[in-house]
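Given chain A, put chain B in place with the hints provided.
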Amino acid sequence: MRKYLFIYKSEVMSSLQYLANILFGFLGYFIMLFIFFQLWKYLYSDPDSVMNGYTMAEMVWYVIMTEILWSTLGGKNLCQKISNDVKSGNIAYNLCKPYSYIHYALFSHLGSITIKAVLYTLLGLVLGFCFLGEFPNISFLSILLWIISSIGSLAISSLFVIFIGLFSFKIEDANPFYWVYSKFILILGTIFPIEFFPKILRPILRYSPIFATTYGPANLFVHFSFQNAFRVLIAQFIYLGIAYVLCYFVYQKGVKKLNVNGG
Amino acid sequence: MLTAVKNQGRVSFLSIKYALMQEMLNRVTFFTNILFMILNNASFIIQWIVLYSIQNNVGGYTFKQILLLWGIAAGTYGFSHFFFENAYDLSQIINEGKLDAYLVQPKNVLLSSITSKVKTSALGDIFYGYIMCFFAGLGVVDILLFTILSIIGGITLTAIAVLLGSLSFWFQKADMIAESGNGFMTNFATYPDGIFKGIVKVLLFTLIPVGIVNYLPISILTEHKVEFFFLIFLFMIAIVFFAFFLFYRGLKRYSSSNLMSMRI
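Residue numbers (the working numbering), protein chains in the order written: chain A, 1 to 263; chain B, 1 to 264.
Calculated directly from the structure, the hints in this document are not laboratory data. Keep in mind that the hints are not guaranteed to be accurate.
Calculated from the model, a selection of chain A residues having no Cβ within reach of chain B, i.e. all distances over 10 Å [unchecked claim]:
| # | residue |
| --- | --- |
| 1 | Phe6 |
| 2 | Ala20 |
| 3 | Phe24 |
| 4 | Leu188 |
| 5 | Leu246 |
Only pairs whose alpha carbons sit at most 27 Å apart, straight line, appear in this in silico DSSO-like list of lysine-lysine [stated by the list, open to error]:
| # | chain 1 | residue 1 | chain 2 | residue 2 |
| --- | --- | --- | --- | --- |
| 6 | A | Lys76 | B | Lys225 |
| 7 | B | Lys64 | A | Lys199 |
| 8 | B | Lys225 | B | Lys197 |
| 9 | A | Lys87 | B | Lys98 |
Restraint ranges, calculated between C-beta atoms of paired labels, are given here [to be verified]:
| # | chain 1 | residue 1 | chain 2 | residue 2 | range |
| --- | --- | --- | --- | --- | --- |
| 10 | B | Thr222 | A | Val245 | 50 to 56 Å |
| 11 | A | Lys199 | B | Leu203 | 16 to 22 Å |
| 12 | B | Ala42 | A | Asn84 | 54 to 60 Å |
In this text, a Cβ means the ideal position worked out from N, Cα and C, and glycines have one as well.
Chain A on its own, in the form it takes in the complex (with noise of 0.2 Å):
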């Protein structure tokens, strides 16, 4: 484990390199709040109206929780990594080193969005309180488990980014599918609360990933209860192992049939 944590370690150093890049990446970030704000007031004609149980400042803070974790986790240069790494051969190097690929990979990721987490967390609640005139009325406890789960959730989504990565084994592009998951995510968990689709629907996402990636964490921040946090950290436990174990296993049956040229 202690590689694994220089390996973080030194990722979080290297990330700070490139701050400008990260201050950069804020504009990005500052125009899909500032549009999704604009679209909730226009909507929320009444901001003290109650819509599926969320009033306008609880659906703007759902939305800046969500976002944070959005623009935090940059899936896309991840699939991009990982799908390189295999069309390049850069993968073999790795065959002989005394590290799990799949470790490696998902602990120099996250240290590579740390520092971009702590920024954009911190830009997201001051947005926020731009927007709205105040922040939620929220516990230390809460917030501390909501930190805990977001780091849960960055871990899960980067392991399901590293599966459709692993793809490249199989098909040479391996960024199409990932295209698909990440609108999977964006628009049925980071835009909308659950309670926003048809009640058909409802039990089917929170039994998806999207309760242990957006909807949860996020939720927690914006209607806080233990009940609902147990619950996420139970979903996030579970499907933290399910993503591991999906991730090992087309690794493992990739890297068999790994042919590199030259070297």
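Just chain B now, with coordinates in the frame of chain A:
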């Protein structure tokens, strides 16, 4: 003059043709890219179905108009990225000294550089635009109009990308400005202008001309406002001239990095 334009057109066409042939070497990847881009765009319909279940009218747009807005956004984006993908990498090309290869060609440097790469998935965007037209119930004449509007919008988007990319002749970190600027154009493109007010709305029709590329074509398609057609056409001409002017002005400052690489 006419012969020169004809020759340049032929060279650009061949450039796109060979770039496409290169992309088609792996057929499975080629078709997967197109199909999944259509699915990717289609997934956003869920968002609008949910929003229209709350209200019948979002930002002054009916559901049919939202479908057309998505159609125009996909069509313009697809046209621009399929034919002129390198316009979006112009900053990188300038910063890395890769313009050398186009400078030695006896043709237009800007057109040669921006047409030398195609983005396969953008074909999926173009097809998606027509699928939206079908679901919005457009007739044959309106679909032809949609095609013309997509081409005008696509050329405008390309000119904006060239303008932003050309800033790299002057500033080292202009690639980030270009990326953000192009991102603004796509982020606003799929939301109705009625939800924006005040200064933001003014910006959307001036500094970030999403209104001209995306919102006015909706008025043309649904209300047949001919004056808007001339407006977006004139805007396209003006911005294309400005893009050429800025690129060639910047090109005088360009210095080669003596990069040795092989282009296949």
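Hint check:
1. Against the 10 Å criterion, Phe6/A stays outside the reach of chain B, whose nearest CB is about 31 Å from its own CB.
2. Not every C-beta of chain B lies more than 10 Å from that of Ala20/A, the closest at about 7 Å, which undercuts listing it as non-interface.
3. A beta-carbon of chain B comes within 10 Å of the beta-carbon of Phe24/A; the shortest separation is about 4 Å.
4. A beta-carbon of chain B is positioned within 10 Å of the beta-carbon of Leu188/A; the least distance is around 7 Å.
5. With a least beta-carbon separation of about 20 Å from chain B, Leu246/A lies farther than 10 Å from that chain, consistent with its non-interface assignment.
6. Distance hint between Lys76/A and Lys225/B is unfulfilled; the C-alpha atoms sit about 40 Å from each other, more than 27 Å.
7. Between the alpha carbons of Lys64/B and Lys199/A the distance comes to roughly 25 Å, so the proposed pair stays at or under 27 Å and holds.
8. With a C-alpha separation of about 23 Å, the suggested pairing of Lys225/B with Lys197/B holds against the 27 Å cut-off.
9. Taking the CA atoms of Lys87/A and Lys98/B, the gap is about 24 Å. The hint holds against a cut of 27 Å.
10. Under the hint 50 to 56 Å, the C-beta atoms of Thr222/B and Val245/A, about 51 Å apart, fit the expected range.
11. At roughly 40 Å, the beta carbons of Lys199/A and Leu203/B sit outside the given window of 16 to 22 Å.
12. The beta-carbon spacing between Ala42/B and Asn84/A, approximately 28 Å, falls outside the hinted interval of 54 to 60 Å.
Hints 2, 3, 4, 6, 11 and 12 from the earlier list are contradicted by this structure; the remaining hints agree with it.
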